[in-house]
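Participant: Listed below, chain by chain, are the residues.
Protein chains: 2
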Amino acid sequence: MEFIDELRFLKEQLKFKERFELPKHFDNVVMAGMGGSGISNKIFQEMYTEKPLFLIDDYEIPNFVSKSTLFIAISYSGTTEETVNAVQSAIKKGAHVVTISSGGTLSELGDQRIKIPRNDLQPRSAMGYMLLPLMRSFGMVKDSDIEETYDLLSKLDSDHKDATRHAQDIKKLDSVPVIYGAMPYRNVAYRWKTQFNENSKIIAYSSYFPELNHNDTLALAKTYRKKDFYFMVFESEDKRIAKRIRVTEKITNSSFNMIRLVGKSSLAKLFYLLHYGDYVSYELALLRGIDPAEVELLLTLKRAMKDQKS
Amino acid sequence: MEFIDELRFLKEQLKFKERFELPKHFDNVVMAGMGGSGISNKIFQEMYTEKPLFLIDDYEIPNFVSKSTLFIAISYSGTTEETVNAVQSAIKKGAHVVTISSGGTLSELGDQRIKIPRNDLQPRSAMGYMLLPLMRSFGMVKDSDIEETYDLLSKLDSDHKDATRHAQDIKKLDSVPVIYGAMPYRNVAYRWKTQFNENSKIIAYSSYFPELNHNDTLALAKTYRKKDFYFMVFESEDKRIAKRIRVTEKITNSSFNMIRLVGKSSLAKLFYLLHYGDYVSYELALLRGIDPAEVELLLTLKRAMKDQKS
Chain A
160 MEFIDELRFL KEQLKFKERF ELPKHFDNVV MAGMGGSGIS NKIFQEMYTE KPLFLIDDYE
220 IPNFVSKSTL FIAISYSGTT EETVNAVQSA IKKGAHVVTI SSGGTLSELG DQRIKIPRND
280 LQPRSAMGYM LLPLMRSFGM VKDSDIEETY DLLSKLDSDH KDATRHAQDI KKLDSVPVIY
340 GAMPYRNVAY RWKTQFNENS KIIAYSSYFP ELNHNDTLAL AKTYRKKDFY FMVFESEDKR
400 IAKRIRVTEK ITNSSFNMIR LVGKSSLAKL FYLLHYGDYV SYELALLRGI DPAEVELLLT
460 LKRAMKDQKS
Chain B
160 MEFIDELRFL KEQLKFKERF ELPKHFDNVV MAGMGGSGIS NKIFQEMYTE KPLFLIDDYE
220 IPNFVSKSTL FIAISYSGTT EETVNAVQSA IKKGAHVVTI SSGGTLSELG DQRIKIPRND
280 LQPRSAMGYM LLPLMRSFGM VKDSDIEETY DLLSKLDSDH KDATRHAQDI KKLDSVPVIY
340 GAMPYRNVAY RWKTQFNENS KIIAYSSYFP ELNHNDTLAL AKTYRKKDFY FMVFESEDKR
400 IAKRIRVTEK ITNSSFNMIR LVGKSSLAKL FYLLHYGDYV SYELALLRGI DPAEVELLLT
460 LKRAMKDQKS
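Chains as they are written, first to last, in the numbering used here: chain A, 160 to 469; chain B, 160 to 469.
The shape of chain A in the complex, shown without the other chains (with noise of 0.2 Å):
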């Protein structure tokens, strides 16, 4: 699949409706998960408060986990060696294990198995994939903001113009984007960096109010090299947080590119806001003469981590 084929194909993974069972009792949640597949989990934890939720993008589990412990690992590829090691250890825990992957190792362990279709998608590029089956299973998704998602993820595939523009602004000084986010998009933030780095290869940075007020902002006022930087800041619909981001610009002489919440529902917000991201980190690529869907490197990273000699 071309990569474009990749981004246009997030909106038919809303209509991914595997789910997974919560079991009757669990006191805490545990999610396992890397990169492109461990941001799923990053997104998921601020939309979830009703027990604790703590997350691992590392090898080992946290001691606490034990019988009642609902432990959900993802990894696109099922053989992301940190995932893999940490599902192994929750299942001598005694912990429910679930697992959403396309294959690998992981597909082949825990108490229920989500099995995400394969379509020679990059683990990036599967986000709905990923998202869809934890939001389901934890009673998030109305029909209808399936259909609105859908449809804005649809006007954004046919028409990014602001996003390409955002691109070619970044390019024209070849800036590195900082994102600015907040609750409940702090990781809709991190994602985007996460999308520069792997589709257009470049150092890019995120923080998030109110957090960065505490520290950053010092730095926004007197710092070397501001001009080397490109601000994108989400728009927040928290009355307080929206005055830290106007009262923020201000008091630091800033310019930050604001960039607008769409979207009805929850869902839809979500998704268009990280599509939007998917667009600037694409088209930036391009502008780059990079190619988005390269990942050479991770492999070479793979094979070398299993390599005992080096």
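Derived by calculation from the structure, the hints in this document are not laboratory data. Please note: incorrect hints may appear among the correct ones.
It does not matter which identical chain is meant; a pair holds if it fits inside one copy or across any two.
[As the list claims (entries may be wrong)] Calculated cross-link-like contacts (lysine to aspartate or glutamate; reagent style EDC-like; alpha-carbon spacing at most 20 Å): (1) K461 to D397; (2) K409 to E455; (3) K381 to D450; (4) K409 to E453; (5) K402 to E219; (6) K381 to E453; (7) K252 to E219; (8) K252 to D321; (9) K423 to D316; (10) K331 to D387; (11) K210 to D164; (12) K301 to E370; (13) K301 to E455; (14) K210 to D186.
Model the placement of chain B on the given structure of chain A, informed by the hints.
Facilitator: Using the frame of chain A, we list chain B on its own:
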């Protein structure tokens, strides 16, 4: 107090003996704090995995907070808007609330209240006062570790040539510092970033292994402006992570400035690494002719947030 004396005062804070009693029964821990105060929570989180631990650096608390929650809130000033708001919500939910502060609204709230000496410090210089009560209350501190740590910090206070050299290298090209950590020092890397922001008043950026192997790594090989960044990478005692660092540096053709772990006990290693970063950011401020103590903009922001009209 001169800012250099604030830095030198860190070792004295190791002697702070206050602690709180853990409730007989609690199912989860929630910790609230922002910026220079919240960093203690972030660092503590990597050391404690006996119960689910949830961090807040925002206004709201998660729904699961209940009578069986141990809720710990830290604010050096005791007046941090977000943290005070979160504590008030936690009290309404009946959580067991512990506050750690030097005064303000926060010092008048909570079932247990740790009073930090005021000593005229900036919040970011009071790290010991905030981290020690946490570690002592959870039984993580031995007297012999305190002695070792005190001695190591004293040595750094009188000789930190290496840290100064990093500052000089950064200033030479007006580089943007990038700090890569790994468990249990991910948030020490984040602390370095915030110290560069607050002390040196420059943009900086942190991330962590192994997660960055799934995104940043692709950027490192092909990004523009790579020579505008200065990479500092913490040594890791985990063999898999150590290998990832070596392989990443090699296959991305990067130049990592390795930061050594020094010390025997975990406490000593942690504080040495923290303090080393204090000095890099401090020396860089001096090289820039910037007052490392000045935080006028944060006060401007606090006032603006209270002002109904802005």
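Participant: Hints broken by the structure, by number, lowest first?
Facilitator: As far as the earlier hints go, 8, 11, 12 and 13 are violated by this structure, in ascending order.
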